[in-house]
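Peer 1: Single-letter residue listing:
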Amino acid sequence: MPEVLGPVGGRQSGERTVRGVSASPDVVIIGAGMVGAACASYAARAGLTVTVVDRGPIVAGSTGAGEGNILVSDKEPGPELELALLSQRLWTELGEELDPASFELEPKGGLVVAETLDGLRSLYDLAIVQGARGVRTMAVDAESLPHYEPHLAPDLAGGVHYPQDLQVQPMLAAACLLRDARAHGAQVRTGVEVTGARRDSNGRLAALLTNVGPIPTESVVNATGTWGGEVSARLGAPVPVLPRRGFVLVTEPLPRLIRHKVYAAEYVANVASSEEGLETSAVVEGTDSGTVLIGASRERVGFDRTLSVPVLQRLAAQATRLFPMLASVSAIRAYRGFRPYCPDHLPVIGADPRVPGVYHACGHEGAGIGLSAATGHLIAAALAGKEPEIAVSAFSPLRFVEEAA
Amino acid sequence: MASSPVDVCVVGAGPAGLTAAVAAATAGRTVALVDAGARPGGQFWRHSPAGIEADRALHHDFVKYRQLETGLARFVQTGQIRLLTRHQVWTIERGARFTVRALKAGEYERTVDAAALVLAPGAYDRQVPLPGWELPGVYTAGGAQALLKEHGVLVGARVLVAGTGPFLLSVAAGLAQRGARVVGVYEANTGLGWLHHRSLRAVVRNFGKLSEGIHYAGTFARHRVWYHPRSTIVAAHGDTEVRAATVARLTRHGAVVPGSERRIEVDAIAVGWGFTPQLELPVALGTRTEVDADGSEIVLVGDWQQSSTPGVFVAGEATGVGGAALARVEGEIAGYAAAWYVNVDHESASFHPRSRRAERRLSWLRKRRLTLRAFAAAMHRAHPVPPSWLDQLQPDTLVCRCEEVSVERLRTAADDLGVTDARLAKLLTRTGMGWCQGRVCGYATACLVARFAGTGYDPRGLTERPLAVPVPLGVLAHGAAPAVPADESWRGE
Ligand SMILES: Cc1cc2nc3c(=O)[nH]c(=O)nc-3n(C[C@H](O)[C@H](O)[C@H](O)COP(=O)(O)OP(=O)(O)OC[C@H]3O[C@@H](n4cnc5c(N)ncnc54)[C@H](O)[C@@H]3O)c2cc1C
Ligand SMILES: Cc1cc2nc3c(=O)[nH]c(=O)nc-3n(C[C@H](O)[C@H](O)[C@H](O)COP(=O)(O)OP(=O)(O)OC[C@H]3O[C@@H](n4cnc5c(N)ncnc54)[C@H](O)[C@@H]3O)c2cc1C
Numbered sequence: 001m002p003e004v005l006g007p008v009g010g011r012q013s014g015e016r017t018v019r020g021v022s023a024s025p026d027v028v029i030i031g032a033g034m035v036g037a038a039c040a041s042y043a044a045r046a047g048l049t050v051t052v053v054d055r056g057p058i059v060a061g062s063t064g065a066g067e068g069n070i071l072v073s074d075k076e077p078g079p080e081l082e083l084a085l086l087s088q089r090l091w092t093e094l095g096e097e098l099d100p101a102s103f104e105l106e107p108k109g110g111l112v113v114a115e116t117l118d119g120l121r122s123l124y125d126l127a128i129v130q131g132a133r134g135v136r137t138m139a140v141d142a143e144s145l146p147h148y149e150p151h152l153a154p155d156l157a158g159g160v161h162y163p164q165d166l167q168v169q170p171m172l173a174a175a176c177l178l179r180d181a182r183a184h185g186a187q188v189r190t191g192v193e194v195t196g197a198r199r200d201s202n203g204r205l206a207a208l209l210t211n212v213g214p215i216p217t218e219s220v221v222n223a224t225g226t227w228g229g230e231v232s233a234r235l236g237a238p239v240p241v242l243p244r245r246g247f248v249l250v251t252e253p254l255p256r257l258i259r260h261k262v263y264a265a266e267y268v269a270n271v272a273s274s275e276e277g278l279e280t281s282a283v284v285e286g287t288d289s290g291t292v293l294i295g296a297s298r299e300r301v302g303f304d305r306t307l308s309v310p311v312l313q314r315l316a317a318q319a320t321r322l323f324p325m326l327a328s329v330s331a332i333r334a335y336r337g338f339r340p341y342c343p344d345h346l347p348v349i350g351a352d353p354r355v356p357g358v359y360h361a362c363g364h365e366g367a368g369i370g371l372s373a374a375t376g377h378l379i380a381a382a383l384a385g386k387e388p389e390i391a392v393s394a395f396s397p398l399r400f401v402e403e404a405a
Numbered sequence: 001m002a003s004s005p006v007d008v009c010v011v012g013a014g015p016a017g018l019t020a021a022v023a024a025a026t027a028g029r030t031v032a033l034v035d036a037g038a039r040p041g042g043q044f045w046r047h048s049p050a051g052i053e054a055d056r057a058l059h060h061d062f063v064k065y066r067q068l069e070t071g072l073a074r075f076v077q078t079g080q081i082r083l084l085t086r087h088q089v090w091t092i093e094r095g096a097r098f099t100v101r102a103l104k105a106g107e108y109e110r111t112v113d114a115a116a117l118v119l120a121p122g123a124y125d126r127q128v129p130l131p132g133w134e135l136p137g138v139y140t141a142g143g144a145q146a147l148l149k150e151h152g153v154l155v156g157a158r159v160l161v162a163g164t165g166p167f168l169l170s171v172a173a174g175l176a177q178r179g180a181r182v183v184g185v186y187e188a189n190t191g192l193g194w195l196h197h198r199s200l201r202a203v204v205r206n207f208g209k210l211s212e213g214i215h216y217a218g219t220f221a222r223h224r225v226w227y228h229p230r231s232t233i234v235a236a237h238g239d240t241e242v243r244a245a246t247v248a249r250l251t252r253h254g255a256v257v258p259g260s261e262r263r264i265e266v267d268a269i270a271v272g273w274g275f276t277p278q279l280e281l282p283v284a285l286g287t288r289t290e291v292d293a294d295g296s297e298i299v300l301v302g303d304w305q306q307s308s309t310p311g312v313f314v315a316g317e318a319t320g321v322g323g324a325a326l327a328r329v330e331g332e333i334a335g336y337a338a339a340w341y342v343n344v345d346h347e348s349a350s351f352h353p354r355s356r357r358a359e360r361r362l363s364w365l366r367k368r369r370l371t372l373r374a375f376a377a378a379m380h381r382a383h384p385v386p387p388s389w390l391d392q393l394q395p396d397t398l399v400c401r402c403e404e405v406s407v408e409r410l411r412t413a414a415d416d417l418g419v420t421d422a423r424l425a426k427l428l429t430r431t432g433m434g435w436c437q438g439r440v441c442g443y444a445t446a447c448l449v450a451r452f453a454g455t456g457y458d459p460r461g462l463t464e465r466p467l468a469v470p471v472p473l474g475v476l477a478h479g480a481a482p483a484v485p486a487d488e489s490w491r492g493e
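Chains as they are written, first to last, in my numbering: chain A, 1 to 405; chain B, 1 to 493.
Take these hints with a grain of salt, some might be off.
Unchecked claim - Okay, the calculated bits of chain A under chain B, using three or more residues with CB under 8 Å as the criterion:
no. : segment
1   : 50–61
2   : 167–181
3   : 309–322
4   : 333–345
Think of the hints as simulated: they come from the structure by calculation, not from any bench. Idealized CB from N, CA, C, for every residue including glycine.
With the hints as extra help, turn the sequences into a complete structure.
Peer 2: Structural data, given as structure tokens:
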């Protein structure tokens, strides 16, 4: 049964038909995950009439099955780092405007550690080039590690501290931005699956086709994450997005022992890698509620949901290597999600000239929470016909077409 | 640590699992029987180290247990059944065969490799929140029963028993026999509701249950225990522990009769609202589920207790709460069927009993299962959870005690954040994310979300728990806890 969430302050009953959508919204955003929520909030704030549709409830996709790190530390210089830096600034602003506690925004900072001197050297090399792009970094030698994290293994070679790394509770962040969008007049309709698009005689988008009927509109944003490939094809403007599975272990609630988001240097290599097989490099972080999250593996196995014991074993081994005290701590939960990735590991953001009116905002892989704010900002600018704040050509939907040609 | 492979691995040694293990062994298979408890018997035949004999008065179907125990002992002696007690199964992997992974007392991991599985993990008490329910001294009915049966401990000297269902009678009788003053049994429905209309036929066919009821009536008369139908507990009171309870009468529609509230001094309360099947292992193996008449999610099984996942047979409360007699019948069918499954070509074969005798036995078991299921369905119809608990909640009443999520918080999440189902409630409020992983608060959360969001009741979405039990990270990483125990002084920080 489709649901309508009206403007903030209570649900509006009786609006369960397509008529519940304002007659012809300026833009329909497909997907009520983190990226769709950020697009909705920025577009609604820009004065557009916005409708968000999702085939499930809100946060039905990867946003409800990942973690909430907003990182600059794991990105090598390039277009993604520029996007991350913009996002980092926007998230801080969103926190100030919307109350940081409402989605557990924490400027906790990241600590990347190396086991060997060689590892430490490459870590410092990366920090230097990142620094040149405006990332704040601080070298930490072995003796100083305990000042940052008293429970770290004593035999590590050193690390780098990244004070700009943030953390949010992603499901709350998405729900809060959707609420913000509704406060600015947007409508959120769940239980609505997009099945296709109708174009006018000039080939421009005219209406979105859904399981509950057509929604006339001139613009749509494909913010369907891991399903972005399928939905883009339905819209007549296909982009390649595939799933990359990740597991996360959750511990019993603990006193606040782990202050930063801590991970080993190999993590950066894994993030950027195109390997088919299993890669794990534990990222350990404490949360507001006292639980510690241990993530995350990367595997390309389609949408296979079965628990993989070898993956959990490796995550546990790496986490206890970093923090030996975790050995006697219990994992009480494990979950998995599917990151949306494109072949070149960059998201697709912006207008698709193949079907005028179609915009993409998907394929953010393991950084969709972090990069959502900048993505929403860029999409709102594009919808309003404004200049983007950073260069966006690297995120063009046409890059795959050209490759194929 | 890996044990040698077996034909059938049975998880759970309650009435269903015990029966299944003995049946599969009787059919000539090698069996591993794994249970978290210290002794076989499950919830029903829970007993103290002194043996079940010592507590004979507390146990029904005592003779059945003796028979099973004898059968089990014989097969354990010949090595055909390997009994692994104090082993908690945390996950099961499925490949060409199954790998059952169990934790021995949290110290190390043992794996069992098997060709077929019988899952009989039973159920736990269903609870609903009420003002004051977090006070020490407020127990679940099953918890009170378990303390009595396993440790001989009375939860209090003046105990109030409340909730719904025939199980309350058994708990109250046990407490009274052991010397507690039971200040009343408050049954939310009309106690004999199941005698009405069509249910009657099922009850009469299930004469065993009736005689049990008569037995309780005798016990209650001897111990002057008053039975209050259509009445319930609405609040527990006390500052550091429970000192009193407020009870009230209910209308036919399950609402509190205004002005009927009464305060009773107590030092313990046992509340039971039926049971919730323990589904993590079957759900993780991909078995299909449905929602039963009592609102519980259960595993869908076929004629031979087979689930939708090949090689996985499920028996007992996990396929629908129905009591120990039904659990035994289902267990025996599942044990036979799993034994058969081990050696067939799974593509083409359909189940055939091996002998005339087995055929007759199975046909009797299936008839009996039909009767017992009809009886269970009648029980569920006669003992719904009345809606009164929803009306008694205060804004600050805790729904999720692990994460301290209040009623008000759930309401705001529905009004303000767009929560429309139980899974979203978990993601946005943390209800069900703590130690109990929604085992305690799952049912209440599903009911409250349905009410606040105006959507339908659906308990699913909270039962997916890929780790069936907590696993120490050291054991997960290396198969065993560190040889030198870790310094745990940080826990005090
Ligand atoms: C284990 C793991 C850990 C992660 N950790 C982090 C992290 O620390 N930091 C970070 O930034 N990112 C992290 N990520 C990645 C992040 O979760 C994703 O990039 C992000 O959630 C993608 O958000 P989205 O809004 O694009 O997609 P989703 O949240 O998947 O939303 C897409 C929505 O589209 C809807 N939809 C699909 N098809 C249709 C249709 N036809 N019609 C209507 N609606 C449809 C779906 O129902 C869904 O709600 C992690 C991911 C995983 C798996
Ligand atoms: C607390 C409690 C007390 C009860 N007391 C009574 C009573 O006094 N009288 C009465 O008529 N009915 C009682 N019942 C109802 C009774 O339990 C059932 O009717 C009957 O026991 C069902 O049998 P079963 O074999 O399906 O499950 P159970 O008897 O519950 O057996 C399940 C077994 O599986 C084991 N198990 C579950 N998960 C795992 C795992 N992951 N790893 C290893 N082992 C596992 C458990 O330790 C347990 O021994 C009680 C129920 C509960 C919850």
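Peer 1: Hint by hint, say whether it matches the structure.
Peer 2: Outcome of the hint check:
1. Coverage of the segment 50–61 of chain A by chain B holds in this model, with 3 residues showing a Cβ closer than 8 Å to a Cβ of that chain against a need of three.
2. Under a criterion of three residues with beta carbons nearer than 8 Å to beta carbons of chain B, the stated coverage of the segment 167–181 of chain A is upheld, 6 such residues being counted.
3. Counting residues of the segment 309–322 of chain A whose C-beta lies closer than 8 Å to any C-beta of chain B gives 7; at least three are required, and the coverage claim holds.
4. Check result for the segment 333–345 of chain A against chain B: holds, 4 residues qualifying (beta carbon to beta carbon below 8 Å, three or more required).
When held up to the earlier numbered hints, the structure conflicts with none and fits them all.
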